[in-house]
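The whole structure should be built from the sequences, with the hints applied where relevant.
Protein chains in written order, with our numbering: chain F, 1471 to 1998; chain E, 31 to 431; chain B, 42 to 415.
Calculated from the structure, these hints are not laboratory results. There may be inaccurate statements among the hints.
Cut-off 25 Å, straight-line C-alpha distance, at most; resulting in silico cross-link-like pairs (BS3-like, lysine-lysine) [to be verified]:
#1 F:K1977 - F:K1929
#2 F:K1734 - F:K1603
#3 F:K1734 - F:K1977
#4 B:K275 - F:K1647
#5 F:K1929 - F:K1704
#6 E:K288 - F:K1850
Take a look at the letters that make up each chain.
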Amino acid sequence: MTDQRTEGAPVTGEVVRAPALEMRGITKHFPGVRANDGIDLEVRPGEIHALLGENGAGKSTLMNILYGLLAPDSGEVLLDGQVVGISGPSDAIARGIGMVHQHFMLVPVFTVAENIVLGNETMANPIFLDAHKADDRIRELARQLGFEIDPSAIVGDLSVGIQQRIEILKALYRGAKVLILDEPTAVLTPQETVEIFEVLKRLAAEGTSIVFISHKLYEVLEIADRITVIRRGKVVGQADPTTATEEDLAEMMVGREVSLVVDKGVATPGDVVLRAENVSVADDRGSVVVDSIAFEVRAGEILGIAGVAGNGQAELVEALTGLRRVASGRITLDDEDITNHSPRSLTERNVAYIPGDRQRFGLVLPYPVEDNLVLTDYHKAPYSRNGVIDERAISRRAAQLIPEFDIRTPSGAVPTSTLSGGNQQKLIVAREFSRPLRLLIADQPTRGIDVGSIEFIHKQIVAKRDAGTAVLLVSAELDEVLELSDRIAVIYRGRIVATVDGATAEKERIGLIMATGEATGPRVEGAA
Amino acid sequence: MTTERGATGGGMSVDPTTLLGTGGGLGRQVLVTSIAVLGGLLVGALLIILSGALQPGGTLDFGLPLVAYRALLDGALLCEEGFQDVGILCEEGGVLDLRALGNTLNASTPLIMTGLAVAFGFRAGLFNIGAQGQFLLGAFASTLIGANLVGVPFPAAAAIAILAGALGGALWGFIPGALKAWRGAHEVVTTIMLNFVAALSLRYLANGPFRDPGATFSRTPDIQPGAVLPTPIDGSPMHWGIVVAILVAVAVWFLLFKTTLGFEIRTVGANPHAARYAGIRPRLITILTMTLAGSMAGIGGAAEGLGITKNYPAEYGTSYGFDGIAVALLGRAHPIGVVGAALLFGVMRAGAGSMQRQTDIPIDIITIVQGMILLFVAAEVVIRRLLPAARARRVSAAAAA
Amino acid sequence: MTAFAIGRFASISYRAWAVLGVVVLLALGAMLVDIPYLGGFVDWLINRVPPTFSLIVQYATPIAFAALCGVMCERSGVVNIGIEGLMLTAAFVAFLAGAYLGPVVGTPWAALLGVGFAVLASMLLSLLHAWLSITIKADQIISGAVIIILAAGGTAFFNQLLVSTSGLSGTLILPHLSIPREITTIPFLGPILLALFNQGPIAMSLIVCVVGLQILLFRSRWGLRTRAVGEHPKAADTVGIDVYFVRYRNVVLGGGFAGLGGAFLTTELSNSFQDGMTGGVGFIGLAAMIFGRWTPVGAFAAALLFGAVQSAQLTLRIPSSAPPGELGELVAALPPEFFGILPYLVTIVVLAGVVGRAIPPAADGIPYDKESRS
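Below, the structure written as structure tokens:
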């Protein structure tokens, strides 16, 4: 690392320049949550500054504020030492701030050049684009960053790694001096990651400041000049990559606090209920995201799958519940092969599912509460006979379940859309839990709901476990996994990389494994 | 970042919650619908005044709308004094002109059926613009079969002919349904195309192979007496078709809201993903819904063919299919609403002739009024959609706090 | 430029090319070898068909304008099934304006002014569709249906009120450009030039519109932003493009094309107006747009094809222009409705994905909501 980037000390003869970007005391509230709480951030010119934190720590919110997509409640943003107000993305772009979103904003059917110039077109005359000039400039910019690009290639045909470089070129084409990258390596292969790091280093050498948002410890240590760690909306501290270790970072990121523990007894696991044997599943684009995964869940135990979102959990759950095809491998329930069975077939076999996206898979929002309570049973007696629905039977069921599962609603006849998130989730729990279950698959069961409902649902899950149900819990909330699970399996890039005992698991260690995929011992200090 | 084009065939498919609003209570819906109708009638009134002024020697007569609308009601329903009627059936001091009422009900019958055809599709998230073609298929099939049921008495002959009409319409609904389910073809475009295919093909058939050689204009042979839908009330042209229509409406209501199949159809329309989880197969529902919807429009064609025309004319110029869209939307895709809306439009259609006779206002004003009502409905629904959504957000925010 | 041209051709599917190839081979074969059915067929193709080109262009013109309107709207993401209504309105307004202004300014100025008013009327009606679809975010199909119903009722209403009773008659039709004989007798090229240029101003402006729109759509800034808004409006939004404005502008301008198409019917093709005279041409235009893969040139080619099929109803009845031999008898025996149905059937086949996939712009028909930011 060159002298210019050493903290504090100016190089003799050089004037200390103002930081390229500074954010002071940024605070932002959303209903019920403080996303950013007095955050300070300082980025020097030509510096790669990593912003590290868990999901939901507040990194994206901070960057959305910088990019003008959100307005802070308080605090200020300074560019080159001047306080600025950023009114929107166009304004941010005009001030030299470029952002590469996690979900690319590229038009798949356009060429590389068309995507890059969109909104900031290079014109030959007031009407027509100057394709040649644009192409030349794009090739030039790419060369400066150390790679070649064909401006006339169709973006939809290109690999994700190249698409990301196009997003970077897009920002540079507009003269970005500060570049924000939101989880850039989330979708890259290791090789592509190496290549993009080369590009970023070159960019920094040219004087561009880079803010690199990530939760991947290893990469952050490799690429960053300085690291700011955020947890629950606050800055926890800064780290120096030359001296910090992954453990240090994990500790800062995840913290040592002891979380609320539900009073659960020791599990007494029985026979294996669910077994996944070398199951592979593809995502919508056709890439394999669950990679020959293997695990088993026993009756009367809760297996928690911990992992950063995007490592294949969603697709795994969809495959287990019959909503997505299994590409290869076998899934068995009590030794019966249930691979690629339909959702209804699984429901018949007493498998229950609390979906991660409750409004998409779990509920029909316009329907009355009572109809959603029988969504999986409507075709059976007593709710319908000979194809005719017995509304009174449905109402009676609702009258029974609503108090039993503490669903706060004026009646069973109101539309489900009027219920709060927590009560909607309790509705799903009521529906799925009110019968004997062999297997329960709970995907993000308490995402976005109030504390009281969280507690209730956790109690219900443990009760099912104690009644002998095998429970598979998938959650991005590490606290939840730690609290509920008897065993914890960490998923990384579609595989289980570690399985630990729930009672003795340490949060930092799990967080480390989640972020790196490495289940071996602590890294040796100083190793790159 | 998902684009749901595969499941729903792109942005052209219908989300019933968009059209119908999320709940909002019966009273609210009726109020909103009434406002739309009043708005349309208001625009009609303005046009009436305008047309009065534009007549040779006309003036700005602000009372003209009242006269016009009264003439409309006279032609459609009531025994009004002071209007020249073409044959009336009013009792001493009676209110309802049974002859006019008969015309109204006859005009409403096909609208109920095509309205049901479109509404039924809406419930499953499908835009059935093909009611026109399905109607024509039904008219053709029923009259053709009806012409060949020699010696078969009523009601058997009529029943068979109606069944033929239902099957004809069902076929014309099955095709776009299958294309959507298996090939992902937008049902909006395929049904529009099929409307034209139907009109032209049937015109050819009625002009050519199936033409009645002794007829004065190009048409198929008249149906046998056993297939004709009789007019039970003396002096009133009302035929049994209206009864068939009401019965079908009741059946549709029962199917949609009281049976498991109806539950499945509505679930697919409201949330195809949750439907899949609930064990429903959206593709099967799509095909089934379009086929059934087609059969409804087909029955409408049969009612018209067996009750009014009694044959299939080669140049069959109707707009029942398209009007069915307006009826379905105004009726909020609910069978009761559809019947109500169809009756309203039926009144307007039946009375328009009388209005033109009395006041020289072109009957096409009815079409304009219908279009304006539809416009207000389209704009209204979205405003209403915003209200329950905002309220729900406030409720859940309060509950979460 | 070559890459661009090749790229556009390549967008037509391989299967379509294969079909075309087979047809050409058959034709060539028939020229060399005396194939029974096809005997004399190629001769017919070369000598008898070209005189009908003019008629084909006339049939194709309203279809093409309707298709261009569709392309403008759908490329920016707005579905417009109300084109039929736009054209009907334009046809009526052109007729009415021409009729009123005829005695005042004389023909052909009255007719030209009529065209101007027609275009204006169509653009105003499009504004209604734009408002309903973009601002109100109503279902775009319903909005289109409203347009059709209002247009049908409105034109019939005012037709009855102002025309039928007063005996108003249309102004004379716009004159066609006349082509010297020396040019028309050139083999192959002559009839084509005749067809393209022995037309009135509207039909002649068609080719300019098609070429112009094609170039602008793929080479200009306006075109780039339009297509971006139709494919990925959020991406366009994040680079500062006003999605709503782009859509509004394109829908209204597209209405201008529909206006030209409708005006053509009552100022160039004929000078009278009948209720519902558009007869579904707006929908055939949509079919042509889909068949032409949402490109102006493709839509134009499809419109010519559909126009040829439709004009075949007439021309094949005339012995001198019917194909010879058994094929000729077969074709002449086909009912006119067959040709009427063909464009619709072809479109259904295209949509069913039999001849390559018909992929509209990705955001077509989906109202854009600025609030839905992730």
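Hints, one by one, checked against the model:
Distance restraint check for F:K1977 and F:K1929: the Cα-Cα separation of roughly 22 Å lies within the 25 Å cut-off, and the hinted pair is therefore satisfied. Of the supplied pair hints, the one linking F:K1734 and F:K1603 is violated, its CA atoms being roughly 68 Å apart against a limit of 25 Å. A hinted pair counts as satisfied when its Cα atoms are at most 25 Å apart, and F:K1734 with F:K1977 qualifies at roughly 18 Å. Only pairs whose Cα atoms come within 25 Å are accepted, and B:K275 paired with F:K1647 is accepted, the gap being roughly 24 Å.
Taking the CA atoms of F:K1929 and F:K1704, the gap is near 31 Å; set against the 25 Å cutoff, the hint is violated. Proposed proximity of E:K288 and F:K1850 is supported: the alpha carbons are some 14 Å apart, at most 25 Å.
Hint compliance for this structure: hints 2 and 5 are broken, all remaining hints hold.
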